[in-house]
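Residue numbers (my numbering), protein chains in the order written: chain R, 62 to 251; chain Z, -2 to 587.
Derived by calculation from the structure, the hints in this document are not laboratory data.
Predicted, not measured: the structure shown is a model, and the values here were computed from it.
Heads up, the beta-carbon is just placed ideally off N, CA and C, and yes, glycines get one too.
A portion of the hints provided could be inaccurate.
The list that follows gives simulated cross-link-like pairs (lysine to aspartate or glutamate, EDC-like), each with its CA atoms no further than 20 Å apart [what the hints assert, rightly or not]:
1. Z/121 - Z/283
2. Z/517 - Z/483
3. Z/535 - Z/474
4. Z/171 - Z/34
5. Z/269 - Z/199
6. Z/269 - Z/259
7. Z/194 - Z/263
8. Z/0 - R/175
9. Z/535 - Z/574
10. Z/493 - Z/463
11. Z/181 - Z/148
12. Z/260 - Z/297
13. Z/267 - Z/278
14. Z/-1 - R/175
15. R/149 - Z/148
16. Z/-1 - R/94
17. R/172 - Z/40
18. Z/493 - Z/525
19. Z/185 - Z/80
20. R/172 - Z/326
21. Z/350 - R/175
22. Z/551 - R/175
23. Z/171 - Z/199
24. R/172 - Z/315
25. Z/298 - Z/326
26. Z/185 - Z/199
27. R/172 - Z/548
28. Z/352 - Z/488
29. Z/492 - Z/400
30. R/172 - Z/327
31. Z/551 - Z/525
32. Z/0 - Z/40
Per the computed footprint, the stretches of chain R lying under chain Z, defined by three or more beta-carbons under 8 Å from a beta-carbon of chain Z, are [unchecked claim]:
33. 119 to 130
34. 212 to 226
The calculated label-pair distances, taken between Cβ atoms and stated as ranges, are [said to hold, decoys possible]:
35. R/62 - Z/327: 36 to 44 Å
36. R/236 - Z/526: 38 to 46 Å
37. Z/374 - R/184: 36 to 44 Å
38. R/182 - Z/514: 47 to 55 Å
Here are the chains, one letter per residue:
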Amino acid sequence: MQIFNIVIAGVGGQGVLLASKVLSESALACGLDVKQNEVHGMAQRGGSVISFVRMGDQVHSPVVMPGSADLLISFEPLEALRYLHYLKPGGRLVYNTIPINPSTVAAGLAKYPDEVEAQILARFPQALGIDALALARQAGNGKAVNMVMVGTVMKHLPFNETLITAVVKKLTQGKGVEVNLKALAGGAAA
Amino acid sequence: MKKIISGNEAIALGFGDAGGVFASGYPGTPSTEVLEEVARLGEVYCEWAANEKVALEAAIGASIAGGRALATMKHVGVNVAADPLLTLSYTGVNAGLVLMVADDPGMHSSQNEQDSRNYAKFAKVPMLDPSDSQEAYAMTRVGLELSEEFDTPVMLRTTTRISHAKGVVVPATKIAPEIRTWEKNVPKYVMLPNFAKLKHVEVEARLLKLQAYAETSPLNRLEMRDPAIGIITSGVAYQHVREAWPDASILKLGLVHPLPVEKIRDFAAKVKKLVIVEEMDGIFEEQIRALGLVVDTGKDKLPRCGEINADILRAALDGSRARSTPPVEDLPQRPPVFCPSCAHRGLFTILSKLKTFVSGDIGCYTLGALPPMGAMHSVIDMGASISAAHGMAKVNALAGRSEKPVAVIGDSTFFHSGMTGLLSMAFNGGGALVIIMDNRTTGMTGGQENPGSGSTLQGTATHQVEMVPLIKALGIDQVYELNTYDLAATEAAIKKGLATPGPYVLIDRNPCILRYKIRKPAMNVAQDKCTGCRACLKVACMALGLNAAGENEKQKVRVDPNVCNGCGVCMQMCKFDAMHTLEGENHANL
């Protein structure tokens, strides 16, 4: 299989890492080589977070190059715009429409850009925007935005949905399982 | 069984599977998860040391006592541990000892971009440079074996993209070698000059033996493909090379010090163009050029600063341009920020207001240097806040300036190497105001235990260091508590500290809300009372934002209840009584 490149973008604290883990564990479970990589450290809270998941017969670099992502999943609209250039022509973009203010905006030092969604759609008309927070709350917990986002792209991954569901069951224990599975299904139906 | 794990997790697993018995380190991105994973696996004794020097020295003791040992740290941690490292090279080991060091090219979370390969040359010890999680796993065991075979410490070096990247690992058979006998051997372990002189001769001979080993070791792998281009590389750079030029011939170095000189000569003779691809410094290149070999491309075209990747390599060698459209420009940055309800926020709100010079340190509070606070004016290394403030105070006195410098340091950094600075200040009669943000954890790296936490890395309850008696014992009499959630009291305390001659210490003891999962009800803004003056926004909290304004109206502030954790610092900035605590459940998504 040719390399399938996924970029997941968001804000520190949104659960980008768990979403990446679900995708990479699923790839491993279906026998693919996989590398997953994100930058954390100072991006622990409120910083911009970007994570790469690469899968295929043999994956070398852990880094996705701009212009080569098959799929960009963004948990926040401004972050979708920031990392849009990672998509390859014909790639797929799904983003959460709920904005989170950068600290600079919260402090009144910068302005959250106007019409971020319109800017995304102007550059990428096929992009799909969904209110992942509402769907997460419907599933029972506003923190399940990450599973909603995974749900939205399930149909477009090189492995089937049953596999992803099984991995989510394995990775999240206790009461969280039910919420996460609901969130996954909610995202898939969006 | 196949697993997908990070390089750091692979090193932890590899150490346990190779019969490791003692692991010590100090947290530092991107090395931290190695020891956390050793603790999680639960099979090997492990501990956080007070600093990297202590970690390495404890590992040396473990090795002398006969147990396979591991010390972990980030690149700058090796500077702290350099003193034992350079003499450990002379003594050698009993049981195998691996020093794992994680470099941070691109400085994702570091104050400099030093290349640890220089330390292997400097200390004259072998260094392994894995290129993925599987190699990180295997090289941990190889490192222990080489350490015992050649009687030397072995450095295992990663970079951020190895430590934090996850890849597939197939573990080897677990072994459990017996703990070796503990012997007294004065000429080997006592580095008095007469013994050290003999040892230095052995170190030079050992390097020659290691070089001979390097020539035939499978760690250095020849991959002959198209001979038009031959690339010498190592670590994650190897993966970028494979990505950029799948058909190129490669000499992939796993043992990066000492270099396999004959193997390199042979490789150079087999290929038309010799290219050397290294992230950061041109260490191979220097040595290879010194052999008299012709290098077609190296640091003349490849960057010394930052990370490399396949696009950078292609651009440098082929002049090919990246395939992507350019990124959207002028978007507001999203820098990291104090967590909602972090105790640091109140402190920097006041320091920013007082406009005093702040000598800073390494930790979450370093973010106080960023706008809108801008209340930190020097940050050098762990512990420097106090010692540098001492030097500033001395020169200020000589220059007849009345301004007293303020040092800000966290608890873990204070235990690491701030205590010695304060001791020195007390000893020499300094005059700085030292503020210790004692949140009972090593926050920036994700909340690791330290001597003030009351529990160890393995979760055992332990003695909790009390700051006030400790500081008094160092010779400081004026030590007072601070509560940075109370802005007026904080301002008064800092002003008093600045006005009082001599060393003066303030300690804030509010715990890290993230580490200790502290939840408070969110705030709310009464829109009829808010005048849109934006005074509250000076506290730089993600939970605050501005509502859309109507005609001829100022934008008013709103609080996001999903983010707010109810500390009330913004409320104290409000002169119009517009902010109140929201009744009911806290929804903060921390």
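Going down the list of hints, with the structure as the test:
1. Restraint check: the Cα-Cα separation between residue 121 of chain Z and residue 283 of chain Z comes to about 17 Å, which is no more than 20 Å; the hinted pair holds.
2. For the given pair, residue 517 of chain Z sits about 16 Å from residue 483 of chain Z by alpha-carbon distance, which is consistent with the 20 Å threshold.
3. Restraint check: the Cα-Cα separation between residue 535 of chain Z and residue 474 of chain Z comes to about 34 Å, which exceeds 20 Å; the hinted pair is violated.
4. Under the criterion of a C-alpha separation no larger than 20 Å, the hint pairing residue 171 of chain Z with residue 34 of chain Z is consistent with the structure, at around 17 Å.
5. The straight-line distance between the Cα atoms of residue 269 of chain Z and residue 199 of chain Z is roughly 39 Å, outside the 20 Å bound, and the hint therefore fails.
6. As the CA atoms of residue 269 of chain Z and residue 259 of chain Z are separated by approximately 17 Å, the hinted pair is consistent with the 20 Å bound.
7. Restraint check for residue 194 of chain Z and residue 263 of chain Z: not satisfied, since their Cα atoms lie roughly 36 Å apart, outside the 20 Å limit.
8. With a C-alpha separation of about 44 Å, the suggested pair residue 0 of chain Z and residue 175 of chain R falls outside the 20 Å cut-off, and the hint is violated.
9. Restraint check: the Cα-Cα separation between residue 535 of chain Z and residue 574 of chain Z comes to about 17 Å, which is no more than 20 Å; the hinted pair holds.
10. The straight-line distance between the Cα atoms of residue 493 of chain Z and residue 463 of chain Z is roughly 23 Å, outside the 20 Å bound, and the hint therefore fails.
11. Taking the CA atoms of residue 181 of chain Z and residue 148 of chain Z, the gap is about 16 Å. The hint holds against a cut of 20 Å.
12. Simply put, residue 260 of chain Z and residue 297 of chain Z have alpha-carbon atoms about 24 Å apart, too far for the 20 Å limit, and the pair is violated.
13. The suggested pairing of residue 267 of chain Z with residue 278 of chain Z is violated, with an alpha-carbon distance near 26 Å, which exceeds 20 Å.
14. Proximity of residue -1 of chain Z to residue 175 of chain R is assessed by CA-CA distance (about 47 Å); at most 20 Å being required, the pair is judged violated.
15. Annotation: proposed proximity of residue 149 of chain R to residue 148 of chain Z is violated, straight-line Cα distance about 52 Å (limit 20 Å).
16. For the hint pairing residue -1 of chain Z with residue 94 of chain R, the CA-to-CA distance comes to about 11 Å; that is within 20 Å, so the pair holds.
17. Proposed proximity of residue 172 of chain R and residue 40 of chain Z is contradicted: the alpha carbons are some 51 Å apart, above 20 Å.
18. For the proposed pair residue 493 of chain Z and residue 525 of chain Z, the alpha carbon gap of about 38 Å is over 20 Å, so the pair is violated.
19. A distance of roughly 17 Å separates the Cα atoms of residue 185 of chain Z and residue 80 of chain Z; the hinted pair therefore holds under the 20 Å criterion.
20. Of the pairs offered as hints, the one joining residue 172 of chain R and residue 326 of chain Z holds, with about 14 Å between alpha carbons and a cut-off of 20 Å not exceeded.
21. The hinted pair formed by residue 350 of chain Z and residue 175 of chain R fails the criterion: a straight-line CA distance of about 32 Å is larger than 20 Å.
22. Proposed proximity of residue 551 of chain Z and residue 175 of chain R is supported: the alpha carbons are some 18 Å apart, at most 20 Å.
23. Only pairs whose Cα atoms come within 20 Å are accepted, and residue 171 of chain Z paired with residue 199 of chain Z is rejected, the gap being roughly 33 Å.
24. At most 20 Å may separate the alpha-carbon atoms for a hinted pair to count; residue 172 of chain R and residue 315 of chain Z exceed this at roughly 41 Å.
25. Proximity of residue 298 of chain Z to residue 326 of chain Z is assessed by CA-CA distance (about 27 Å); at most 20 Å being required, the pair is judged violated.
26. Distance hint between residue 185 of chain Z and residue 199 of chain Z is fulfilled; the C-alpha atoms sit about 11 Å from each other, no more than 20 Å.
27. Between the alpha carbons of residue 172 of chain R and residue 548 of chain Z the distance comes to roughly 19 Å, so the proposed pair stays at or under 20 Å and holds.
28. A threshold of 20 Å between alpha carbons decides the hint, and for residue 352 of chain Z with residue 488 of chain Z the separation of about 12 Å falls inside it, so the pair holds.
29. Pair hint residue 492 of chain Z plus residue 400 of chain Z holds up; C-alpha atoms about 11 Å apart against a cutoff of 20 Å.
30. Taking the CA atoms of residue 172 of chain R and residue 327 of chain Z, the gap is near 11 Å; set against the 20 Å cutoff, the hint holds.
31. A threshold of 20 Å between alpha carbons decides the hint, and for residue 551 of chain Z with residue 525 of chain Z the separation of about 12 Å falls inside it, so the pair holds.
32. This hinted pair checks out: residue 0 of chain Z and residue 40 of chain Z have alpha carbons roughly 18 Å apart, not beyond 20 Å.
33. Note: the region 119 to 130 of chain R has 9 residues with beta-carbon separation from chain Z under 8 Å; the three-residue rule is met and the coverage holds.
34. Residues of the region 212 to 226 of chain R lying with their CB closer than 8 Å to a CB of chain Z number 0, which falls below the three-residue condition for coverage.
35. Distance hint check for residue 62 of chain R and residue 327 of chain Z: the Cβ-Cβ separation is about 38 Å, which falls inside the suggested range of 36 to 44 Å.
36. With their beta carbons about 40 Å apart, residue 236 of chain R and residue 526 of chain Z fall inside the hinted range of 38 to 46 Å.
37. Taking 36 to 44 Å as the suggested C-beta distance range, the pair residue 374 of chain Z and residue 184 of chain R conforms, at roughly 41 Å.
38. A C-beta distance of roughly 39 Å is found between residue 182 of chain R and residue 514 of chain Z, which places it outside the suggested range of 47 to 55 Å.
The structure does not agree with the numbered hints 3, 5, 7, 8, 10, 12, 13, 14, 15, 17, 18, 21, 23, 24, 25, 34, 38 stated previously, though it agrees with the rest.
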